[in-house]
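Required output: the full structure, derived from the provided sequences and hints.
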Amino acid sequence: MPVDAVAGISVTDDGRLLGVMMVCGHRIDGATLYMDGVDADEAATVGSWTADRPLHTGLATWPLEPPAVGWTATTALAPLTARTTYALYGWTEDDSWSSANVTFTLSDRDRLTPGSVLYQSVSDDGEESTATVPLTAFERDACRHD
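The sequence shown begins at 1 in our numbering and counts up by one.
Check each hint, because a few of them may be wrong.
[Stated by the list, open to error] Label-pair restraints from in silico Cβ distances: (1) Arg-144 <-> Ala-78: 28 to 38 Å; (2) Gly-37 <-> Ser-129: 16 to 26 Å; (3) Thr-74 <-> Asp-124: 16 to 26 Å.
In case anyone wonders, no lab produced these hints; they're calculated from the structure.
Positions of the beta carbon are idealized from the N, C-alpha and C atoms, including for glycine.
Following this line, the structure appears as C-alpha cells:
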C-alpha cells in the first residue's frame, strides 16, 4: 500500500511512550506497534490503536498507554522488554494508505526527551537513517521525501 505519512515516537513529561504521526496528504485511521524482525506467523502485535476520526494532513500525537481521548486501544499495549526492537506504523482500514514506520528499542525511548521525536529520516538520495529531532523539525521535514 502507498506510504503517505511518517510515524515517530516521543515521550510525555512523565516518561510515557507517545505515538507521533505526520500525515502528508491523505489519511491514517490508526497505528500498530509490533516486534520488528519477528516471524509474521507469530503474534507480534504489541499494541494497536484506532483513531475515532481519521487523521488528515498534519501532525497527531497520542499517549500509547492509556490511550488518549479520541483513540481506542484495539490491542492494549503489552509491556515492552529490553533487547527487543519495536516498530510503529500507521494504516488505513481499507489498506489504501500507510505510514513509514519507526523502529526503536527501550534504550532509544529512554534517551528521548519531551518535545523530541525519533523517526526514520530519508535523505535526498533515498538513504534511511534514524533521527531524533525537535517536534517542530519533524513536523516541517517529515513529509519532504515522500
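**Q.** Violations among the numbered hints
**A.** Hint 3 alone not satisfied by this model.
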